[in-house]
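Just need the whole structure built from these sequences, with the hints factored in.
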Amino acid sequence: MTTTAPALTNATLQAADPILEIKNLSVDYGFGDDPTHVLQDVSLTLNRGEVLGLAGESGCGKSTLAYGATRLLPPPGVIRGGEVIFTGRDGVKTDILTLNDKDLRTARWRDFAIVFQGAMNSLNPVHRVGTQLIDAIKAHGKTATKQEARDRAAYVLEMVGINADRLKAYPHQLSGGMRQRVMIAMALVLEPELLIMDEPTTALDVVMQRQILEEITDLRDRLGFSVIFITHDVSLLVEVADRIAIMYAGEIVEAADAKDAYLRPRHPYTRGLLNSFPPLRGPRRELQGIPGSPPDMAKLPSGCRFADRCPFVMDRCRTEDPALSRTALKMSEPERLVACHLHDGKASEVPAELAIQAPQK
Amino acid sequence: MPTDTPPAGSAAAVETAGDVVLRAQGLTKHFPLRGLARGKAVHAVDGVDLELTRGSVVALVGESGSGKSTIAKLLSLLIHRTSGDIRLSDKSVDGRGRRAFRRHSKRVQMIFQDPFGSLNPIHTIRYTLTRSVRIHKGNLRGDKLEAALEELLARVQLTPVDRYIDKFPHELSGGQRQRVAIARALAADPDVLLADEPISMLDVSIRLGILNLLKTLRDDMHVAILYITHDIASARYFADRTMVMYAGQIVEQGPSEDITQTPAHPYTRLLIDSAPDPDAPARTERSTSGEAPSLVSPPPGCRFAARCPFANDLCRSETPDLFNVPGDDRAARCWGYSDRDNKPDVSGVAKSVKETI
Numbered sequence: 001m002t003t004t005a006p007a008l009t010n011a012t013l014q015a016a017d018p019i020l021e022i023k024n025l026s027v028d029y030g031f032g033d034d035p036t037h038v039l040q041d042v043s044l045t046l047n048r049g050e051v052l053g054l055a056g057e058s059g060c061g062k063s064t065l066a067y068g069a070t071r072l073l074p075p076p077g078v079i080r081g082g083e084v085i086f087t088g089r090d091g092v093k094t095d096i097l098t099l100n101d102k103d104l105r106t107a108r109w110r111d112f113a114i115v116f117q118g119a120m121n122s123l124n125p126v127h128r129v130g131t132q133l134i135d136a137i138k139a140h141g142k143t144a145t146k147q148e149a150r151d152r153a154a155y156v157l158e159m160v161g162i163n164a165d166r167l168k169a170y171p172h173q174l175s176g177g178m179r180q181r182v183m184i185a186m187a188l189v190l191e192p193e194l195l196i197m198d199e200p201t202t203a204l205d206v207v208m209q210r211q212i213l214e215e216i217t218d219l220r221d222r223l224g225f226s227v228i229f230i231t232h233d234v235s236l237l238v239e240v241a242d243r244i245a246i247m248y249a250g251e252i253v254e255a256a257d258a259k260d261a262y263l264r265p266r267h268p269y270t271r272g273l274l275n276s277f278p279p280l281r282g283p284r285r286e287l288q289g290i291p292g293s294p295p296d297m298a299k300l301p302s303g304c305r306f307a308d309r310c311p312f313v314m315d316r317c318r319t320e321d322p323a324l325s326r327t328a329l330k331m332s333e334p335e336r337l338v339a340c341h342l343h344d345g346k347a348s349e350v351p352a353e354l355a356i357q358a359p360q361k
Numbered sequence: 001m002p003t004d005t006p007p008a009g010s011a012a013a014v015e016t017a018g019d020v021v022l023r024a025q026g027l028t029k030h031f032p033l034r035g036l037a038r039g040k041a042v043h044a045v046d047g048v049d050l051e052l053t054r055g056s057v058v059a060l061v062g063e064s065g066s067g068k069s070t071i072a073k074l075l076s077l078l079i080h081r082t083s084g085d086i087r088l089s090d091k092s093v094d095g096r097g098r099r100a101f102r103r104h105s106k107r108v109q110m111i112f113q114d115p116f117g118s119l120n121p122i123h124t125i126r127y128t129l130t131r132s133v134r135i136h137k138g139n140l141r142g143d144k145l146e147a148a149l150e151e152l153l154a155r156v157q158l159t160p161v162d163r164y165i166d167k168f169p170h171e172l173s174g175g176q177r178q179r180v181a182i183a184r185a186l187a188a189d190p191d192v193l194l195a196d197e198p199i200s201m202l203d204v205s206i207r208l209g210i211l212n213l214l215k216t217l218r219d220d221m222h223v224a225i226l227y228i229t230h231d232i233a234s235a236r237y238f239a240d241r242t243m244v245m246y247a248g249q250i251v252e253q254g255p256s257e258d259i260t261q262t263p264a265h266p267y268t269r270l271l272i273d274s275a276p277d278p279d280a281p282a283r284t285e286r287s288t289s290g291e292a293p294s295l296v297s298p299p300p301g302c303r304f305a306a307r308c309p310f311a312n313d314l315c316r317s318e319t320p321d322l323f324n325v326p327g328d329d330r331a332a333r334c335w336g337y338s339d340r341d342n343k344p345d346v347s348g349v350a351k352s353v354k355e356t357i
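Heads up: the sequence lines are chains V and U, in that order.
Each residue of the first sequence is one higher than the last, beginning at 1 in our numbering.
Each residue of the second sequence is one higher than the last, beginning at 1 in our numbering.
Be aware that a few hints might be false.
One-sided and incomplete, this derived list gives chain U residues near chain V with beta-carbon spacing under 7 Å [stated by the list, open to error]:
(1) E63
(2) E146
(3) S200
(4) D203
(5) L208
(6) G209
(7) A233
(8) S234
(9) L270
(10) A275
(11) E291
(12) S294
(13) L295
Calculated directly from the structure, the hints in this document are not laboratory data.
Here a beta-carbon is modelled for each residue, glycine too, at the ideal position from N, C-alpha and C.
So this is what it looks like as structure tokens:
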């Protein structure tokens, strides 16, 4: 087992080559008569070789979206409908949601792998790191000999910058950052095409976070996998991701090129979120964050879910739920989707902050 | 009346703003180890000098394990110091004995990181606040109690009061809970607030609300605030002065704006360069690797030497003091700012920062 598919490393060039298409995914929590509809008809596309950032506050459904799409939702999470089309390197399309258990088991780790939130605690404390890596290879890989599996484990560990003699270490002998690297190595051990990272650096210090991010970017360039990167830290995403999708209360409210979304946010929530991070450089100014708090998912208001906290709210927002669609400026911004009544072309006037005209590039 | 003497009111004004309320000198905490390592100790905090003045915010920035929270616990006398001195209004305090501790905590209150854990889930907000009011202000009842509670909630902007007072913690959002925790601390009418990562557990969109609230308390009530954080950008936003901690020691201190814009210590520079910053141009060089040293037996010399790109033999053999750095009341624990002949050349610290801006 050696590194394969070098031809795909520059996959960003093949722009319209989706690896994962989530279509109208709906997820409920609860089995009873009155389940909470956490996700309703959420659609999202990830292109091959792309880093897609998924951002939002806690409870907005970003992890649910990722786990739902990979059928990893623990009960009481129930997938109520939708399609998740995974396209392999060989061009074969499969719907993850309709796979039988055996195929799903094979697809996991080989096709898509996940680095979980708080990964440092997902390692088994009573087994050596090496044993756990080899376990993953044996359980999911093609039948490898013991020696092959061990070599492979050593190889991936070196790949994330840990000396191979650490295979013999127990998790408690490693620092948080190293444990996180082991988890990334474990996810990459079978060279998946898609890596889902759920808040992979949240529990780490900024310095370690920076190192891990550099590591991920390097590996992505070398191995050519695609990444869904989930975090609440938008300023981090702008640096890491190629494209970002902002979620609010179970809906995607804006999806755009990362730099573009940062420089020219269109949705009032995106703008509020970006304004919630005090800048390290530039002038010091008073920031407000976003007043209020997200709605209760069990008692969602009618109309736009952000209406109560939105500084630009109109009468229409209270009754009509805006759809995620192209802005009225579609010619100049083919990549951007926004769910806001301000941008459907019918609004009498778009606030200056959100309506910076066509990209200045 | 001679005209050159200041008006009578100004003396009192000096007392309310700019006065040192809480001062720590050479604050040190070693946690003894047990079992096989008996006789050794974790050097959690080593020789920290710190001053909290009325109406100003001091930020303590550092990575986890650098000893920031230990300092807050030492200052609030929740744990006892190994050596050094803590002076409240210039009187040494050690908090041994219940009454001495109560006296201290009446003036020095803490706000904890996790508002989900720091409020008792089986009691209403009314109960939590009433308890705090009665402990610190005597046995208030009836209208007086009601007025006190109302004033507290109004101060943390939880209005209308009726909507919150009879709720249980689980009925409130994280931000509202943290406000209740702040109200509980304010019930004692404290001179000092020790806020240990008050926003890191909260949702990003409501963090600034809490920081802005603490700002108002600083300006209106002239509380001295120690703001402990790992996010140097929020220290720049909120704090007047910033102290950067590394491996139990203060490595740099000065006005927040100066420290974040022109860091002097190589570690501060590393922190700033590592912070997410969408405005920064694409990075080309890889960041410094390595981790903080073990605090059980810290290496000789500067504790950052192993990771520092500028370190020389002097750094690895002798421990630096805090040396003055050009600028307004700034200091850095780095040999580069000493007048030794064999000092390391740290001019690169300032240069590389300029390049990234």
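Results of checking the hints against the structure:
no., hint, in the structure
1, E63, "holds (4 Å)"
2, E146, "violated (27 Å)"
3, S200, "violated (10 Å)"
4, D203, "holds (4 Å)"
5, L208, "holds (3 Å)"
6, G209, "holds (5 Å)"
7, A233, "holds (4 Å)"
8, S234, "holds (5 Å)"
9, L270, "holds (6 Å)"
10, A275, "holds (5 Å)"
11, E291, "holds (6 Å)"
12, S294, "violated (11 Å)"
13, L295, "violated (13 Å)"
Checked against the numbered hints given earlier, the structure breaks hints 2, 3, 12 and 13 and satisfies all the rest.
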